[in-house]
Every structure is written in structure tokens, then in C-alpha cells.
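Required output: the full structure, derived from the provided sequences and hints.
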Amino acid sequence: MIYSNLKTLSRALKEKQISSVELARLFLDRMARVNPELNAFITVDEEKTYAAAKTADARLADGTAGLLTGIPLAQKDIFCAEGWKTTCGSKMLANFISPYDAAVVTKLEQEAGMVSLGKANMDEFAMGSSNETSFFGAVKNPWDTTCVPGGSSGGSAAAVAAYLAPVATGTDTGGSIRQPAAFCGLSGIKPTYGVVSRYGMIAFASSLDQGGVLAHSAEDCAYVLSAMAGFDARDSTSLQRPQEDYRSRLEEPLRGLKIGLPKEFFGAGANSEVMAAVLAAVEAYKRLGANVVEVALPNSHLSVPAYYVIAPAEASSNLSRFDGVRYGYRAAEYDDLNDMYRKSRAQGFGAEVKRRILIGTYVLSHGYYDAYYLQAQRVRRLIADDFRAAFGQCDVILGPTSPTTAFKLGEKSADPVAMYLSDIYTIAVNLAGLPGLSIPCGFDERGLPIGLQLIGNYFDEARLLSVAHQYQQATDWHSRRPQGF
Amino acid sequence: MNSWEIVIGLETHVQLATKSKIFSGASTAFGAAANTQASPVDLALPGVLPVLNKGAVECAIRFGLAIGAKVAEKSVFARKNYFYPDLPKGYQISQFELPIVQGGHLDILIGQGEKSVEKRVCLTRAHLEEDAGKSLHEDFHGKTGIDLNRAGTPLLEIVSEPDMRSAEEAVAYAKALHALVRWIGICDGNMQEGSFRCDANVSVHQPGTPLGTRREIKNLNSFRFLKEAIEYEARWQIETLTDGGKIEQATVLFDPATGETRAMRSKEDAHDYRYFPDPDLLPLVVSADWIERERDKLPELPSAKRQRFIRDYGLSAYDAATLTATLEMADYFEATVRVAGSAHAKLCANWVMVDLAARLNRENREILDATVSAAQLGGLVLRIADGTLSNAIGKKVFEALWLGEATSADEMIEAQGLRQITDAGAIEKLVDEALAANPASVAEYRAGKEKAFNALVGQVMKAAKGKANPQQITELLRQKLTAG
Numbered sequence: 001m002i003y004s005n006l007k008t009l010s011r012a013l014k015e016k017q018i019s020s021v022e023l024a025r026l027f028l029d030r031m032a033r034v035n036p037e038l039n040a041f042i043t044v045d046e047e048k049t050y051a052a053a054k055t056a057d058a059r060l061a062d063g064t065a066g067l068l069t070g071i072p073l074a075q076k077d078i079f080c081a082e083g084w085k086t087t088c089g090s091k092m093l094a095n096f097i098s099p100y101d102a103a104v105v106t107k108l109e110q111e112a113g114m115v116s117l118g119k120a121n122m123d124e125f126a127m128g129s130s131n132e133t134s135f136f137g138a139v140k141n142p143w144d145t146t147c148v149p150g151g152s153s154g155g156s157a158a159a160v161a162a163y164l165a166p167v168a169t170g171t172d173t174g175g176s177i178r179q180p181a182a183f184c185g186l187s188g189i190k191p192t193y194g195v196v197s198r199y200g201m202i203a204f205a206s207s208l209d210q211g212g213v214l215a216h217s218a219e220d221c222a223y224v225l226s227a228m229a230g231f232d233a234r235d236s237t238s239l240q241r242p243q244e245d246y247r248s249r250l251e252e253p254l255r256g257l258k259i260g261l262p263k264e265f266f267g268a269g270a271n272s273e274v275m276a277a278v279l280a281a282v283e284a285y286k287r288l289g290a291n292v293v294e295v296a297l298p299n300s301h302l303s304v305p306a307y308y309v310i311a312p313a314e315a316s317s318n319l320s321r322f323d324g325v326r327y328g329y330r331a332a333e334y335d336d337l338n339d340m341y342r343k344s345r346a347q348g349f350g351a352e353v354k355r356r357i358l359i360g361t362y363v364l365s366h367g368y369y370d371a372y373y374l375q376a377q378r379v380r381r382l383i384a385d386d387f388r389a390a391f392g393q394c395d396v397i398l399g400p401t402s403p404t405t406a407f408k409l410g411e412k413s414a415d416p417v418a419m420y421l422s423d424i425y426t427i428a429v430n431l432a433g434l435p436g437l438s439i440p441c442g443f444d445e446r447g448l449p450i451g452l453q454l455i456g457n458y459f460d461e462a463r464l465l466s467v468a469h470q471y472q473q474a475t476d477w478h479s480r481r482p483q484g485f
Numbered sequence: 001m002n003s004w005e006i007v008i009g010l011e012t013h014v015q016l017a018t019k020s021k022i023f024s025g026a027s028t029a030f031g032a033a034a035n036t037q038a039s040p041v042d043l044a045l046p047g048v049l050p051v052l053n054k055g056a057v058e059c060a061i062r063f064g065l066a067i068g069a070k071v072a073e074k075s076v077f078a079r080k081n082y083f084y085p086d087l088p089k090g091y092q093i094s095q096f097e098l099p100i101v102q103g104g105h106l107d108i109l110i111g112q113g114e115k116s117v118e119k120r121v122c123l124t125r126a127h128l129e130e131d132a133g134k135s136l137h138e139d140f141h142g143k144t145g146i147d148l149n150r151a152g153t154p155l156l157e158i159v160s161e162p163d164m165r166s167a168e169e170a171v172a173y174a175k176a177l178h179a180l181v182r183w184i185g186i187c188d189g190n191m192q193e194g195s196f197r198c199d200a201n202v203s204v205h206q207p208g209t210p211l212g213t214r215r216e217i218k219n220l221n222s223f224r225f226l227k228e229a230i231e232y233e234a235r236w237q238i239e240t241l242t243d244g245g246k247i248e249q250a251t252v253l254f255d256p257a258t259g260e261t262r263a264m265r266s267k268e269d270a271h272d273y274r275y276f277p278d279p280d281l282l283p284l285v286v287s288a289d290w291i292e293r294e295r296d297k298l299p300e301l302p303s304a305k306r307q308r309f310i311r312d313y314g315l316s317a318y319d320a321a322t323l324t325a326t327l328e329m330a331d332y333f334e335a336t337v338r339v340a341g342s343a344h345a346k347l348c349a350n351w352v353m354v355d356l357a358a359r360l361n362r363e364n365r366e367i368l369d370a371t372v373s374a375a376q377l378g379g380l381v382l383r384i385a386d387g388t389l390s391n392a393i394g395k396k397v398f399e400a401l402w403l404g405e406a407t408s409a410d411e412m413i414e415a416q417g418l419r420q421i422t423d424a425g426a427i428e429k430l431v432d433e434a435l436a437a438n439p440a441s442v443a444e445y446r447a448g449k450e451k452a453f454n455a456l457v458g459q460v461m462k463a464a465k466g467k468a469n470p471q472q473i474t475e476l477l478r479q480k481l482t483a484g
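Here the protein sequences come in this chain order: A and B.
Quick note: the first sequence uses the working numbering, first residue 1, plus one each step.
Quick note: the second sequence uses the working numbering, first residue 1, plus one each step.
If a hint is listed, it holds; no wrong ones were tucked in.
Restraint ranges, calculated between C-beta atoms of paired labels, are given here:
(1) B:Gly55 / A:Arg287: 53 to 61 Å
(2) A:Ala332 / B:Arg262: 34 to 42 Å
(3) B:Ala304 / A:Pro298: 56 to 64 Å
(4) A:Ala233 / B:Lys218: 34 to 42 Å
Facing chain B, a subset of chain A residues (Cβ under 8 Å, in silico):
(5) Cys80
(6) Tyr100
(7) Ser236
(8) Glu314
(9) Asp323
It should be emphasised that the hints constitute simulated quantities derived from the structure, not laboratory data.
Even for Gly, the Cβ is constructed at its ideal location relative to N, Cα and C.
Quick look at the structure:
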């Protein structure tokens with residue numbers, strides 16, 4: 001049962017082959033055995049999980065259940081959940097119990113009736129590409145426990161890849177859903193900016209952050225995204241659009257689809273094994289009836305530098321509220337107010353978070369703002385324009401998700417720039433606010449999954465999921481299991 | 001040396017009269033128990049987001065229209081970053097580069113009476129922002145308490161050009177602004193509760209030379225403090241410069257107890273606020289339609305009303321300005337005129353501006369709390385105007401109305417026989433009696449002492465119990481004294 005897709009689970013629950021409580025127990029028992037090795041979950045609260053499962057069973061019994069009612073999930077610990085410790089992977093919030101629910105939690109748990117198995121580990125404040133910056137320790141990749149699962153949604157990815165949860169929420173600011181999905185052999189979607197409410201999602205970089213899903217298939221992603229998306233008046237950047245069923249186009253054939261291959265994504269950046277797998281996927285798409293055109297994203301080489309100005313700038317301000325005054329970590333001893341701020345923040349934040357706060361503070365400083373922040377915003381516009389032009393020639397854009405497969409734990413921790421370049425293909429998508437997803441398209445010779453990235457035009461999530469689903473109907477990369485799990 | 005010119009610009013924080021906060025649904029009511037009006041957004045819990053209160057924008061639009069400013073089609077909220085315990089997010093959401101209200105002006109009256117002159121003060125901008133909470137230093141045994149009830153209260157910060165040249169002008173501007181924001185209903189104007197507070201930028205220079213370095217006096221929450229602080233500061237700056245000293249740019253605080261200003265922080269330790277557009281809020285777009293809808297909600301504005309009072313009632317500019325100092329005063333005056341008739345508007349104006357104002361002042365009351373209604377005063381003015389009451393008796397009637405001893409002038413006239421004696425025969429009799437009874441005064445008058453004449457008028461009036469027409473008495477007395 002733990003290996004079933006959401007459609008199967010949904011039917012099993014509806015037909016009373018299993019109850020939600022039983023299903024939760026299967027996963028919690030497995031988690032108790034497996035999680036200590038992987039460290040995918042930060043917080044587990046069986047009492048809460050079973051209470052939610054009981055509520056779901058009641059809904060299943062009285063006929064008020066929806067498609068997802070009773071299905072367990074892992075919540076990235078960036079989403080505030082009432083009564084749950086919500087740490088964002090940081091010592092700063094290690095003792096913070098949220099008094100309210102994020103919009104995503106309300107929608108998936110309260111409304112759709114999904115059952116939270118616990119809070120998934122993540123890079124501290126979602127800053128990282130390896131999940132090694134978590135205050136609660138690194139997460140291991142189920143495909144090779146000496147490797148990172150990617151980040152920042154590394155706990156979510158490892159949990160799903162190891163079948164500790166059928167599906168998980170994630171957030172993606174520069175690739176934090178797609179890169180871990182690629183490293184863990186999962187399907188992960190980051191929707192168009194504004195599709196999923198950011199209310200209650202602890203902000204890293206507000207203009208880039210977007211919630212999404214990690215699952216075993218595009219189809220499972222479509223199930224959950226449909227319940228997660230939608231306008232929320234509490235988020236001013238949430239988009240007022242009709243509710244959409246992202247499963248609606250899954251069966252659409254690919255004949256006539258125009259796939260754009262940006263020449264900048266097929267240059268020297270990615271390693272040869274990744275490139276070979278991606279090109280093989282292109283051939284598979286051609287066999288499925290798609291046409292391939294070359295497109296250009298001439299400013300894509302500017303996306304990493306622009307991102308590392310904009311994201312830290314917003315983060316430096318977003319993280320100012322963690323000051324030790326009202327909640328969260330406060331230094332035990334201090335001389336005066338400034339000393340309290342200094343010590344609480346110096347002790348409460350990890351090195352990567354502090355690095356980004358410093359970068360962000362610098363680029364917003366008087367005299368540097370124009371040269372860095374404004375310039376980066378101009379670059380951002382150019383990058384969005386590139387995509388707009390490219391989508392004039394194609395329906396979806398295809399390329400690698402990450403230039404490499406999962407790297408070794410510790411391999412890049414001493415070299416932040418090498419770490420930042422891990423997101424070289426994903427960052428532009430956030431800067432433009434476009435939807436993107438990653439699906440597995442092969443394995444390298446060490447047996448590590450390779451991710452294929454598909455980028456859609458604004459609000460084209462349904463088509464993107466369909467293009468992924470059709471590929472998954474013709475291939476089986478997504479249904480391979482890591483050994484031992 | 002007395003050739004110094006004082007240059008003053010004001011930044012005024014006006015608390016907008018919305019029910020809820022500018023970015024959250026929490027109440028803005030004053031005086032609730034600490035932190036009971038702080039929502040998750042006001043507390044800046046992790047993950048919360050601001051949502052702009054449309055009511056606050058409407059207030060800003062109405063203000064922009066009232067001062068003839070440009071209401072920006074697009075304005076942008078920015079984050080002003082600094083750490084302080086009562087600033088929960090670590091930044092204040094404000095408008096920086098693109099404020100909602102740009103330009104505009106306010107016409108103020110400088111000086112008293114008919115010698116007063118009108119002056120136009122130009123405004124630079126007005127922008128929307130949120131207030132911070134309060135730090136509480138008492139009752140915490142050496143620690144500091146934080147009350148976030150005020151955090152997120154909507155403010156309109158109104159910035160003037162450095163157009164004022166004296167503390168009197170600054171106070172006149174602040175009063176006119178205070179009246180205007182209450183007039184258009186965007187602020188309750190309660191200065192004790194901090195709904196209207198001024199920062200004054202003060203510099204001094206000698207005319208013809210470049211402007212001096214300014215110091216900013218923070219948080220002046222009464223007109224008296226505003227005046228005293230500016231006067232002290234300007235005097236201090238002039239003395240410092242005269243003694244060969246230099247003025248350093250600084251932020252200063254005014255201590256009402258000592259009447260002095262003292263530096264709080266200098267330019268060197270000024271914050272770098274690292275302003276940038278708030279990515280949680282979209283640019284604020286105000287359509288032409290929206291502006292027109294707000295225009296329709298505006299009452300007749302003070303300047304228009306002033307012009308109308310001059311035109312329709314024949315009032316002087318000073319009277320018109322005084323009567324339009326507040327909407328309540330203007331409404332009271334017009335209600336008085338409605339009863340007394342526009343022909344007697346000038347008399348109504350005098351009664352409202354002099355007698356009523358003095359009585360209110362004596363009891364420290366606002367016009368809304370006057371115990372003489374506009375209808376009652378109108379009835380009184382009508383009886384004075386038609387000669388039924390003398391002015392002196394009128395004052396007595398007013399006092400009786402004020403104290404609630406009568407309900408109308410007419411009722412009192414009937415009940416107490418206050419009708420003015422206008423019968424020439426009756427007055428002549430009184431005059432003759434007075435002349436007969438005061439030969440000494442008569443002699444003094446004839447010897448050229450004009451004072452003695454007034455004494456005789458007084459005697460006649462006394463005999464008439466104040467009810468005789470003073471003009472008739474004067475005429476008759478002169479006739480008799482000249483003839484005799």
C-alpha cells in the first residue's frame with residue numbers, strides 16, 4: 001500500500017479497503033524505522049496525525065470526503081501549522097509552535113482532508129541546495145545515503161523517495177522543489193508565481209517563493225496541486241483566477257506539441273551523463289509526436305548573479321522579524337538591547353543564512369542599491385522577456401534540472417558559489433515567475449537519478465503536467481525504487 | 001543682529017480614522033488592554049503577509065483632493081528597515097519614492113483680526129504608512145514591555161515645503177491642517193491620543209545667504225509645544241551661530257518640562273534604512289474613477305466655504321476664515337444664520353466669534369458641547385437685530401440660555417418683559433430725570449469733560465434697567481444738553 005499512487009490510495013480509502021488511521025499507521029511505523037537513517041522529518045506528532053486521520057475517516061464514512069481525504073502527506077517545515085512546531089530548519093525557531101495555519105495547510109488538511117505525517121526537514125530558512133544547512137542536521141538521499149537529497153526541500157524529497165510519505169509539499173525560490181526532485185528521482189512542480197498562497201509560508205524571498213508538490217509522478221502532483229492552488233485574499237500577490245483541476249489535461253496526446261530547447265541549456269554547463277539522459281528524453285518526446293525547436297534565452301547566464309542579489313536582499317529584510325523579542329530564540333545573556341539583537345541573531349542563525357543576510361544588507365545599502373538591486377531587477381526583466389520571446393516559438397521549454405546528479409554530503413559545503421551553481425537551470429524560472437517541473441529521465445552510472453526540467457508559460461501548469469504525464473506513460477524512470485526502500 | 005530668518009518645514013503624522021489597521025483586520029480603537037488588538041500580522045509572526053486596507057487609501061485620496069494635489073495613479077509601498085522592539089517586522093511599510101499624494105497646498109491666515117494676511121504653504125507630498133507599537137518602560141522592574149496595539153495603525157505622513165518663517169506660521173499651518181483632516185473626516189484629530197503629531201524641521205539663515213543646516217524636532221503633540229519648541233530651537237541656533245558655533249544636522253527632542261530641545265542623534269549615527277519596494281504588496285493603482293468617487297464624498301472644503309461666506313453673507317475675509325476654522329464652527333454659524341436670516345449674518349458672525357467663543361473658551365469646551373444651540377442663538381440674534389432686545393440685555397439672555405434658565409430668547413422676553421424701550425416719550429422722561437438728578441455731571445460735561453456724558457448715559461440706562469436703546473439715549477441727551 002505504501003507504494004501506491006494517489007489514485008489507488010484514494011480509491012482504497014473510498015472503498016474502505018483501508019482506513020486513514022491504518023494508512024497513517026503504516027507510514028508512521030515505517031518512519032520510525034527508516035527516518036533515523038535519513039533524517040527526513042524534523043517533527044513527528046503521532047497523536048496529531050491520528051486525530052487528523054480519524055477526522056478523515058469520519059468524512060469518508062459520512063460521504064463528505066474528497067479525492068484526497070485520508071491520504072497522508074509530509075509538510076515542509078516552512079509551512080506554519082497550528083499547534084505544530086514550525087522551525088523552518090532553524091535554531092531561531094526551534095521552539096516556535098505556530099498559533100495559526102498556513103493557507104496551504106488549511107487547503108490540504110482542513111479542506112481536502114489530507115493527513116499530516118509530520119514536518120519535513122529543510123535547509124535553514126530554505127537557503128541551500130543540499131539540505132545541509134538545516135539546524136536539525138543533513139538529510140540523506142535514499143538513492144545513496146552518502147549523497148545529499150538536494151535542497152531546500154530535501155526532507156520532503158527524501159521522505160517521498162523513501163516511501164515515508166506518498167507525497168510532500170515543498171517550496172521553490174530558486175529550484176528548491178525541482179532540484180531535490182531531480183536528485184531523488186521524483187516529480188516536483190513549482191507553479192506560476194501567485195498560484196499557491198504564500199500566507200503562512202515562512203518567507204525567504206517574497207517575490208520568488210512559491211509553494212508546490214513533490215511526488216512519484218506528474219499525476220500525483222496534479223492531484224495535490226489542484227487542492228493546493230487558488231486565490232487567497234490574505235496574500236496580495238495571490239492571483240485571482242478560477243479554480244483549476246490540473247488533472248484535466250493529463251491524457252492529452254503530445255502530437256504537435258512544440259518543445260523548445262534553449263541552446264544555453266545544452267552547452268558546456270551540465271555533465272555528460274545528465275546531458276545524455278536529457279537528449280534521450282528529447283528523442284522519446286519526438287517519438288511521442290512532439291516537434292523540437294531551438295530557442296534562445298540569451299540572458300540566462302545572468303540569472304544566478306541577479307538571483308543572488310534579489311533573493312538575499314528580500315531575505316535580509318524578511319528575516320529581520322527574528323529578533324528574539326516576541327518569539328523564537330533569544331540569547332541567554334546580553335548587556336543591552338543591541339547586544340540582545342546581536343547575540344540572539346548571531347547564535348540563532350546558521351552560517352549560510354547569515355551570509356545571505358549580509359549580502360542582502362549590502363546590496364540594499366545607500367550608495368549600492370542602484371548598482372546591485374536595481375540592476376538585478378533590470379536583468380530580471382530581461383530574463384522574463386527572453387522567456388516571453390521563446391514561448392512565441394514553442395509550447396514548453398525542456399532542459400536539465402540540475403547540471404549534476406546528487407553530490408556527496410560535504411562536497412560543496414565549503415564552496416558556496418559551487419553550491420549556488422547547482423541551481424543554474426532552475427533560477428531563471430523563479431525570476432520570470434513561470435511554472436516549472438522536474439521529472440526523472442534516467443540514472444547515472446552510480447545509480448543516481450537524473451532530472452528533466454520542463455518549463456511552461458504562465459498558468460500552463462495543466463499542460464506542463466500533461467507533457468510530463470505522457471512521458472511517464474511511455475517510460476518507467478519515475479517508478480524505480482531506491483535499493484533498500 | 002536681528003536679520004536672521006527662521007525657516008520651518010513640518011512633517012505631520014495623521015492617524016487615519018479607519019476601523020481596522022492598514023495591513024491587518026485588527027481594530028485601531030485607542031485604549032484597549034495591551035496587545036489585545038494585535039493580530040498575527042501585527043505581531044509579525046513567521047509567514048504572515050500584509051493586505052492593504054482600502055479605507056486608508058480612500059482617506060489619502062480625499063486628502064490629496066482637498067489640498068489640490070496630484071493623486072498618483074501608481075504609488076509603491078516600500079520597506080524602511082531598522083531594528084526596534086516595538087517594530088515587530090524589523091521594517092516599517094511606508095511609501096518612499098512614489099507617494100500617493102504629490103504636491104498640493106494649504107492656505108493659512110497669519111495674524112489676528114482684519115490685519116491678518118493669507119499665506120500659501122506648499123506641500124511636498126503625503127504618503128501612507130503604518131505606525132509602530134509602543135515600548136512601555138514603567139511597571140516592568142527594569143525591563144521594557146511592548147504593546148503592539150498601535151502597530152499597523154494607518155498613518156498619512158504629510159510633508160510641507162520649508163515655507164514657514166516663524167513659530168506662529170508653523171502653528172497656523174498645523175492648526176489649518178488639523179482642521180482640514182478633521183473637516184474631511186479622515187482623522188479624529190485627538191492630539192492627546194497621538195492622532196496628530198508634528199515633527200518640525202528648523203533652520204536659520206540670513207536672507208540672501210543659503211539655507212542653514214536643519215535640525216528636526218520630533219514628536220510634538222500639541223500646538224503649544226510646537227510653538228515653544230520652534231521658538232527655543234530657533235533662538236538656540238541663532239545664538240550658536242552668533243557665538244561663532246556651527247549647527248550640525250541632528251534629530252532633537254523637546255522637553256516640555258524645561259522648554260528646551262536636546263539632540264537625540266546626530267547625522268553620523270543616522271540609520272541607513274535600506275528602502276526597497278515591498279515584494280509582499282503590489283504597486284497601488286488608483287483609477288480616475290476611484291478618485292472621482294472620493295471627490296463625491298468630500299464635503300464643501302474650507303476654502304470654498306470661506307469664499308461663499310464672503311460672497312453670500314458679506315463677511316470680511318478674517319471673519320470668514322475664523323468661522324471656517326472647523327467644520328463644526330462653520331455648521332454652527334450657518335445654522336444660526338438660517339434662523340436669524342442672512343441679512344443678519346454679520347451679527348450672527350459676531351455672536352459666534354466673540355460671545356460664544358469667549359464662553360466656550362472660559363469653560364474649555366468645543367463648539368459641539370455648547371449649551372446654547374445654533375437655533376437658540378439665531379433666535380436671540382433675530383431679536384437684537386429687530387430692536388426687541390438691546391445688546392446688553394442680549395448678553396444676559398445669552399447667559400440665561402447658556403445656563404439653561406430659559407429655552408429661547410422669545411420666551412424670556414415675554415416672561416421677564418425684556419422688550420427694549422423704544423418709545424421716545426418714555427426715554428425722554430428718563431433722560432430728564434437723569435439730568436435733574438445729576439447736576440454735577442451736567443456741569444462737568446459743559447466744562448468739556450466728555451466722560452461726564454458717558455456717566456449720564458449710564459444713569460439713564462440704569463434707570464431703564466438696560467432696556468432702553470442706547471442710540472436713542474445718546475441722541476436725546478445731546479439734544480437736551482446742547483439746547484439747555
